[in-house]
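Participant: Once you know that position 187 of the sequence shown is 187 in this note's numbering, the rest is easy, because the numbers rise by one and skip nothing.
Mixed in with the good hints, there may be bad ones.
[Claimed, not checked] Per label pair, the in silico range of CB-to-CB distance:
#1 Ala317 with Leu105: 18 to 26 angstroms
#2 Asn405 with Val319: 24 to 32 angstroms
#3 Ala51 with Leu253: 16 to 24 angstroms
#4 Ser15 with Arg222: 50 to 58 angstroms
Note that these hints are calculated values from the structure, not bench results. Virtual Cβ for every residue (Gly too), placed ideally from N, Cα, C.
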Amino acid sequence: MRTKESGDAKVRLGSRFHRLFGATLVSAIGTGMHAAALPLLVLQSTSGPMALSSVVMAAEVPWVLLSLHAGVVVDRLDRRRVMVWADLGRFAVLVALAVLVLTALVNLVCLVLAAFLLGVGQVFFDIAAQSAVPDLVSRDPRSLATANGRIVAAESNGEDFVGPPLGSALFGLWNLLPFAGNALSFAASGLLIFSIRTDAKPKETSGTPRRSVRGEIAEGIRWLFGNRTLRALATASCLGNIAVTAQFAMLALLAKEVLGLPDFGFGLLLTATAVGATVGGLAAAAAGKRFGPGTVVLAGKAGVGTAVLVLGLVANAWVAAAMMMVTGALMTAEKVVVSTLRQQIVPNELLGRVLSSSRLVVMTGGPVGAALGGVLASLFAVQVSYVAGGVFLILVTLVFYPVLNNRTLASTTDESAR
Numbered sequence: 001m002r003t004k005e006s007g008d009a010k011v012r013l014g015s016r017f018h019r020l021f022g023a024t025l026v027s028a029i030g031t032g033m034h035a036a037a038l039p040l041l042v043l044q045s046t047s048g049p050m051a052l053s054s055v056v057m058a059a060e061v062p063w064v065l066l067s068l069h070a071g072v073v074v075d076r077l078d079r080r081r082v083m084v085w086a087d088l089g090r091f092a093v094l095v096a097l098a099v100l101v102l103t104a105l106v107n108l109v110c111l112v113l114a115a116f117l118l119g120v121g122q123v124f125f126d127i128a129a130q131s132a133v134p135d136l137v138s139r140d141p142r143s144l145a146t147a148n149g150r151i152v153a154a155e156s157n158g159e160d161f162v163g164p165p166l167g168s169a170l171f172g173l174w175n176l177l178p179f180a181g182n183a184l185s186f187a188a189s190g191l192l193i194f195s196i197r198t199d200a201k202p203k204e205t206s207g208t209p210r211r212s213v214r215g216e217i218a219e220g221i222r223w224l225f226g227n228r229t230l231r232a233l234a235t236a237s238c239l240g241n242i243a244v245t246a247q248f249a250m251l252a253l254l255a256k257e258v259l260g261l262p263d264f265g266f267g268l269l270l271t272a273t274a275v276g277a278t279v280g281g282l283a284a285a286a287a288g289k290r291f292g293p294g295t296v297v298l299a300g301k302a303g304v305g306t307a308v309l310v311l312g313l314v315a316n317a318w319v320a321a322a323m324m325m326v327t328g329a330l331m332t333a334e335k336v337v338v339s340t341l342r343q344q345i346v347p348n349e350l351l352g353r354v355l356s357s358s359r360l361v362v363m364t365g366g367p368v369g370a371a372l373g374g375v376l377a378s379l380f381a382v383q384v385s386y387v388a389g390g391v392f393l394i395l396v397t398l399v400f401y402p403v404l405n406n407r408t409l410a411s412t413t414d415e416s417a418r
């Protein structure tokens, strides 16, 4: 009987989902490639650190400027079409950049603009892809968790594990190759998405005037903060992002000054995180079913807090690699469970806006964490930022336990199902 249920869950994902999975993986590899190749091209064109930071910042700014508007677009239009246009846009940007590289006309302005436009494409693609999952599989928690786990594993493998080293290696052979290859990856992703046929249709406003973009954004924000569980998940994730961003911002310093690792060793710590993320993404559905979503979310936060604390207390490279793997696995499993809960609770026509509102809330913790990590490391020692971050995450877990335990989450999802 158990085998039959498991088989049914696999069948429910279907070929349409697997095309989305393939497109997400290919697109994520492309994103990872240009994440590594663009900074290398910047350093080849201009050696200033401010130039490098401006390109990195340009890639992140679209999340702050456009995520709420992207949510409106994703809810108004066919989500498949949004992903196709996002891939086609990124394909065009990379073709233009490849031509500039080939003709030696590339400059800092071009690189900043390219990073910004690629970031815009990623915002629309990521929000549309996650919002499209319930369109392609059933809203059964097991199916959603399995699908989300595979999507997150694809993103992690592509953006963190396969893409960056591939982009760096191709850049070393010929600086044109990663951008040309990246353009092809987005073209392939767009074709895969275009081949999907969905039953979901965009909401039409027959006879009824369409509300303003501002009104629709406000509706998504009200839905997020009006639901106790969604509000708690977004707030806890934002606070968790403070500690995690501080951890990753200071990781290079910890690797060099405390662990005594060369540059290659620092790269291996990032690889350990990606390996853990893959395991966490694939195991999330089974863990959620076995222990309950609340346990996965709370144990994930407490576990990451403990791992960060150990990083600050134990100066051993092998222990550090193990803790980074644990961090990657628990953070990814938690992300899968949170995505699944959101897809169960939020009506499909609001999913893009609620998702984008939640992502914006969570992202605000990133700059705060990076700044706090730097301040603590400067005033005291780099390990202090890890100890403080670990303790902080454990306290966050205790504070949110009454709202995010299994019983509370079960009652919330039961109400939504009615």
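Participant: Are the hints correct? Go through all of them and say.
Facilitator: Hints versus structure:
In this structure, alanine 317 and leucine 105 break the distance hint of 18 to 26 angstroms, their C-beta atoms being roughly 44 angstroms apart. Distance hint check for asparagine 405 and valine 319: the Cβ-Cβ separation is about 31 angstroms, which falls inside the suggested range of 24 to 32 angstroms. Roughly 22 angstroms separates the CB atoms of alanine 51 and leucine 253, a value that falls within the hinted 16 to 24 angstroms. A hinted range of 50 to 58 angstroms is violated for the C-beta pair serine 15 and arginine 222, which are about 37 angstroms apart.
Hint violations for this structure: numbers 1 and 4, all remaining hints satisfied.
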